[in-house]
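Participant: So you can see what is in the structure, the chains are spelled out below.
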Amino acid sequence: MKELLANLTGIYGPSGNEQRIREAIENEIRDTVDEIHTDALGNLIAVKKGSGKKIMLAAHMDQIGLIVTNIDENGFLRFTNVGGVSPFNLIHRRVIFGNGTAGTVGYETEMEDMKSLKRNRMFIDIGAGSREEARKCVNIGDVAAYYAPMAECNGRYFGCSMDNRAGCAVLVEAIKAVKQSPNELVYVFSVQEEVGLRGARTAAYSVVPDIAIALDVTPTGDTPKTVPSAIRLGAGPAIKVMDSSIIAHPMVKELMIRRAEEAGIAYQLEVLTAGGTDSGAIHLSREGVPSGVLSVPCRYVHSPHEMVDSGDLEHSVELLVKILEKGI
Amino acid sequence: MVEVLKRLTEARGVSGNENEVRAIILELAAQTGARVSVDRMGNVLAEKAGRPGSKKIMLEAHMDEVGFLISGILDNGMLRFKTIGSIDQRLLLSKRVLIGESRIPGVIGVKAIHLQEPEERDKVFPQKQMYMDIGTFCREETEELVEVGDYASFDSRFVRFGDNKVKAKSLDDRVGCGILLELLKETHDFDMVACFSVQEEIGLRGAKVAAWHIQPDLAISLEGTTCADIPDVPDHMQTTRQGKGPAISFMDNSSISDRGLFRRMVETAESHSIPYQIKENVAGGNDAGCIQKSRGGVPTLVVSVPCRYIHSPSSVMDLKDYSDTLRLMKEFLKGCETR
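Chains as they are written, first to last, in the working numbering: chain R, 1 to 328; chain U, 329 to 667.
The set of hints was computed from the structure by calculation and includes no laboratory data.
From a predicted model like this one, the values you see are computed outputs, not experimental measurements.
Backbone N, C-alpha and C define an ideal beta-carbon position, used for all residues, glycine too.
Just to be clear, a hint being listed does not mean it is correct.
Heads up, incomplete: computed chain U residues facing chain R, CB under 7 Å, no partners named [what the hints assert, rightly or not]:
1) HIS564
2) PHE578
3) MET579
4) ILE584
5) ILE606
6) GLU608
7) ASN609
8) VAL610
9) LYS621
10) ARG623
11) GLY624
12) GLY625
13) PRO627
Kindly generate the complete structure, drawing on both the sequences and the hints.
Facilitator: Given below as structure tokens:
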């Protein structure tokens, strides 16, 4: 798991530019599934055939990023956000473009009050001395992502894009670990979740699942004086009850809880007051799809150093395998 | 081409009441030999078939414009109203409007500067304090001319001025409609469906059902977009610049353009030496947002004509940008042919 996660979090894939991460995931799972294809929006859809109910598993593979909107005469890049990026998280961060161009994020230091820091008063510095020089490596519309190789300490992994490469890694490991299932399993690695659950919406339309479970990270409430939340890092996978995009279907939620209890896997119940995930789009597809979410607890979500717990990851895989191997 | 744009922008088509614009589009689309139909929401679909089994390309522009609905009649005969679509309230005062099917003229009024308290002069009057004055004396007189629920639009003529520029209302998105009507004159080896959609300004409603029905393999939305190459806007916040050609979008608030389509459009412009610009901002949304998410997903791209002061009665466009956008789209569609 550690190696897989280090690999997946190191691959460039902001929303709308998921080609490389898609290829990496496809290479991981191709030999263990019966069918695999990429749809019109770029979702990777893999099928493990079965005669029973069709379960859709969805993990988004895109990450947040910064998209270049303007290059000034001195070679500084103006940008806006792709997905939820706080300007305060950005100051002097290292970022990287798809072609390997590195940059650091600066801001207009004449600013009278840091409270007025906004993205349109910030820029990416790629070390270029002029517009012409900058344009040799970056164009308007190119997207930068955080650059932060994964590190491990005390059984915790931290790095960029744990949201949602952690979910992708859990799903990849589960795909490999599932031995037998009476169900038809459809694995979707979706695009453009961070900009509005767009990929999962169209994937759900073509998959037509009987039930769906999304895999994503969820913020924790266990750091000093933080927003109250019962989720703690290391206390096990979180079974979603509700967020701003979905109320988990009771049948799916109960099923997840039952499987966790049968297997003696510690779990947490999650109520998230802001934010949503792919299940929000999937459960409204066509005539409706009973849906739930399995979340990996994660500190500092949408920062370049998101932190997850190795035990939570292992137990998430274990729980997911238990869910998939039995009939619905 | 300019004559068509004049007709299109002087016709009225506030979201949900696109009749006048639709009538012109139906007339002109039929002349191109396309198979023309109107769906249940009022979208106009004009189709030109290619070879059997070929892919389907959807070209899309919205017919509707921002405007007003009459919400009440006062005892003195004046009208209360609500805005439809996003309109800057500061530009409403003293504007001329046309109300209802019989085009009753009116003006939007508020008390004169002489009667305002000093502090009032520095404030923007909220829209609910404004009224439309149609020159009547009492409720009964007004009721003979206007009903609650009637639509009203800005009253603004199409004017050519300056160096190849035009001023008109509703350039967003009659420019797209005008270009679509030109593109329909050609026939290709793929299925081409031009969609003139309704109700974009209030939430991309028409295009959503049209895309569901059409089921395209790819879609391009043609828009009139914001252009802030005006005083006191820093270079990196101007979004687009007039006279620099069609603006190709990499992303806006409603969709991320398909990277392959984006590159092909840029390459088409470069290989045919057509001026173009990349839209340098991620502002606003448009029909591509709902088309992309239709059914199993559709690769989309947005190409826009830069228009200053959009959503006002006096939007300004460069005719060269208009013709360059048309040229770019023609070359792009030629490039989509397989033969």
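Participant: Please go over all the hints and tell whether each is borne out by the structure.
Facilitator: Hint-by-hint comparison with the structure:
no., hint, verdict
1, HIS564, "4 Å, holds"
2, PHE578, "3 Å, holds"
3, MET579, "6 Å, holds"
4, ILE584, "4 Å, holds"
5, ILE606, "4 Å, holds"
6, GLU608, "5 Å, holds"
7, ASN609, "6 Å, holds"
8, VAL610, "5 Å, holds"
9, LYS621, "5 Å, holds"
10, ARG623, "5 Å, holds"
11, GLY624, "4 Å, holds"
12, GLY625, "3 Å, holds"
13, PRO627, "6 Å, holds"
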